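A.B. asks: For reference, the chains in residue letters:
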Amino acid sequence: MKYVRYGAIALITFVILAGIAIPTVRTPQGLFEFPSIPGLGQKTRNIFFHVPVAWTTVVAFLVSMYYGFRYLRTRDMDFDVKSVSSAGLGFMFCFLATVTGSVWAKFNWGEFWNWDPRETSIFILLLIYAAYFALRSSLDNDELRARLSAVYSLVAGLTVPFFIFVMPRIMTGLHPGAAGDVEGMGPVLELKMSGNMLFVFFMGLIGFNLLYVWMLDLRVRAAKLDYSQLLKQSK
Amino acid sequence: MEEFLNANQMYIVLIIVLLIWGGIIFYLFRIERKIKVLERAFESKTQEPRTQKKG
Numbered sequence: 001m002k003y004v005r006y007g008a009i010a011l012i013t014f015v016i017l018a019g020i021a022i023p024t025v026r027t028p029q030g031l032f033e034f035p036s037i038p039g040l041g042q043k044t045r046n047i048f049f050h051v052p053v054a055w056t057t058v059v060a061f062l063v064s065m066y067y068g069f070r071y072l073r074t075r076d077m078d079f080d081v082k083s084v085s086s087a088g089l090g091f092m093f094c095f096l097a098t099v100t101g102s103v104w105a106k107f108n109w110g111e112f113w114n115w116d117p118r119e120t121s122i123f124i125l126l127l128i129y130a131a132y133f134a135l136r137s138s139l140d141n142d143e144l145r146a147r148l149s150a151v152y153s154l155v156a157g158l159t160v161p162f163f164i165f166v167m168p169r170i171m172t173g174l175h176p177g178a179a180g181d182v183e184g185m186g187p188v189l190e191l192k193m194s195g196n197m198l199f200v201f202f203m204g205l206i207g208f209n210l211l212y213v214w215m216l217d218l219r220v221r222a223a224k225l226d227y228s229q230l231l232k233q234s235k
Numbered sequence: 236m237e238e239f240l241n242a243n244q245m246y247i248v249l250i251i252v253l254l255i256w257g258g259i260i261f262y263l264f265r266i267e268r269k270i271k272v273l274e275r276a277f278e279s280k281t282q283e284p285r286t287q288k289k290g
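Protein chains in written order, with the numbering used here: chain A, 1 to 235; chain B, 236 to 290.
Read the hints as simulated data drawn from the structure, not as lab findings. Just so you know, nobody snuck in bad clues.
EDC-like mimics (lysine to aspartate or glutamate), calculated; alpha carbons at most 16 Å apart, straight line:
#1 Lys-43(A) to Glu-237(B)
#2 Lys-269(B) to Asp-226(A)
#3 Lys-106(A) to Asp-116(A)
#4 Lys-224(A) to Asp-76(A)
#5 Lys-43(A) to Glu-33(A)
#6 Lys-106(A) to Glu-238(B)
#7 Lys-224(A) to Glu-274(B)
#8 Lys-106(A) to Glu-237(B)
#9 Lys-224(A) to Asp-142(A)
#10 Lys-43(A) to Glu-238(B)
#11 Lys-224(A) to Glu-267(B)
#12 Lys-224(A) to Asp-78(A)
#13 Lys-271(B) to Asp-226(A)
#14 Lys-2(A) to Asp-217(A)
#15 Lys-280(B) to Asp-226(A)
#16 Lys-269(B) to Asp-217(A)
Please read all numbers here as calculations on a predicted model, not as lab measurements.
The shape of chain B in the complex, shown without the other chains:
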């Protein structure tokens, strides 16, 4: 594995780009979860989902 990566260094760059991408995705999921909690709190307060209210 190590020899392969040393011979094909482009893949090291690929690993690094993917790591950064993974970190950003992980962070986005955390924001997503936070918003989901807020949405549930909001819905439980208004008793009914917002979409129904509009219609």
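Bound conformation, chain A alone:
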């Protein structure tokens, strides 16, 4: 976990520094210049922050689904704690991706919210996981809550790849990678990024994922204490 912590700090610091300090020029030469992507300008840099956050959302929801599945197999309360902690973090990252996306949309597409397929699908995901927490808080029995929310997290997790990877690509929309994209840009990875941009971008992906692992660990540790028998007796 020590390496996770330092890795997260180092990588995200690197991404903030490199992502903001390296100038964008029309014809980049060398490592320390980014090409300016038509139509994005300086806002290109948002890719280093907005996309990793959105990506971490997917990881967190899938991990939540995985632990939900493990809980159903073993009925071990630890897995329930991990599942709900991961879903909570996923929700936070999902919310951040939505808010940062909407700020970006204001300056690229003119409005904070455009009902672009990807905006719509992430909004639905937020609603799905809001319902997950509503379900959990409506049940008093620990066993029942763990079982029902594990099943729910399985079903909800199955919709994630569809909403994030499939739907935004088969429908026409504003995000790069949508069907019928006028500028002919592929999904983010095929976006015309130069080698050094891709490097910063991937460091961002890894950095935010490590940050997620660290935060998940903190939350799971706190939640496990909460569940522990010691405190149960004192209540």
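Given chain A's structure and the hints, the job is docking chain B onto it.
C.D. replies: Relative to chain A, chain B alone:
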């Protein structure tokens, strides 16, 4: 405001980075609060603060 941001797009990046940072801080405070509740529960069970016990 909008014109200024359109002319100085770097500040849009700044807003986005700050939003993410704010979200992470908010989450850390929530964990902090959770741990504080646990600490109080622990202390009330052991009757005395842990630091005194050690000394």
